[in-house]
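Asker: Sequence:
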Amino acid sequence: MREDDYATELIKEKEKKDAVGAATPEEEELTLTNKIIVAIGYILSIMLPVGGLVYGIILLMFKREPPIYRKHAPYIIIISIILCFIIALIEMIYYHII
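Residue numbers (the numbering used here): 1 to 98.
These are calculated hints, taken from the structure and not from any lab test.
Cβ coordinates follow ideal geometry from the N, Cα and C atoms, glycine included.
Please note that a few of the clues may not be correct.
Now the in silico label distances, taken between C-beta atoms and shown as ranges [what the hints assert, rightly or not]:
| # | residue 1 | residue 2 | range |
| --- | --- | --- | --- |
| 1 | K71 | T8 | 38 to 44 Å |
| 2 | V54 | I86 | 15 to 21 Å |
| 3 | I86 | E13 | 29 to 35 Å |
| 4 | I97 | T33 | 41 to 47 Å |
| 5 | I87 | P67 | 30 to 36 Å |
With the sequences and hints as input, model every part of the structure.
Answerer: What follows is the structure, given as structure tokens:
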């Protein structure tokens with residue numbers, strides 16, 4: 001009986017360690033590399049809207065990558081499109097097309 005109790009305790013301790021040490025999906029997606037990749041998308045969409053649009057579409061097409069990419073990709077695309085329109089409007093005003 002003692003061996004069974006000892007084995008049961010070992011299993012319980014291992015389960016506790018696994019529960020504490022296991023990374024949740026949110027923790028897995030919030031690594032520094034993933035944050036940097038998303039930040040590059042936002043910076044690119046502001047500094048170079050066409051490049052940000054392409055980058056956002058690429059992030060949106062990744063199926064197996066962390067969900068953080070697919071979560072932020074639409075926002076990157078929207079920012080890029082809005083800034084493309086603003087830049088086009090400014091150029092039209094500057095060159096007296098409007």
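Asker: Any hints from earlier that this structure breaks? Give me their numbers in increasing order, please.
Answerer: Number 3 only.
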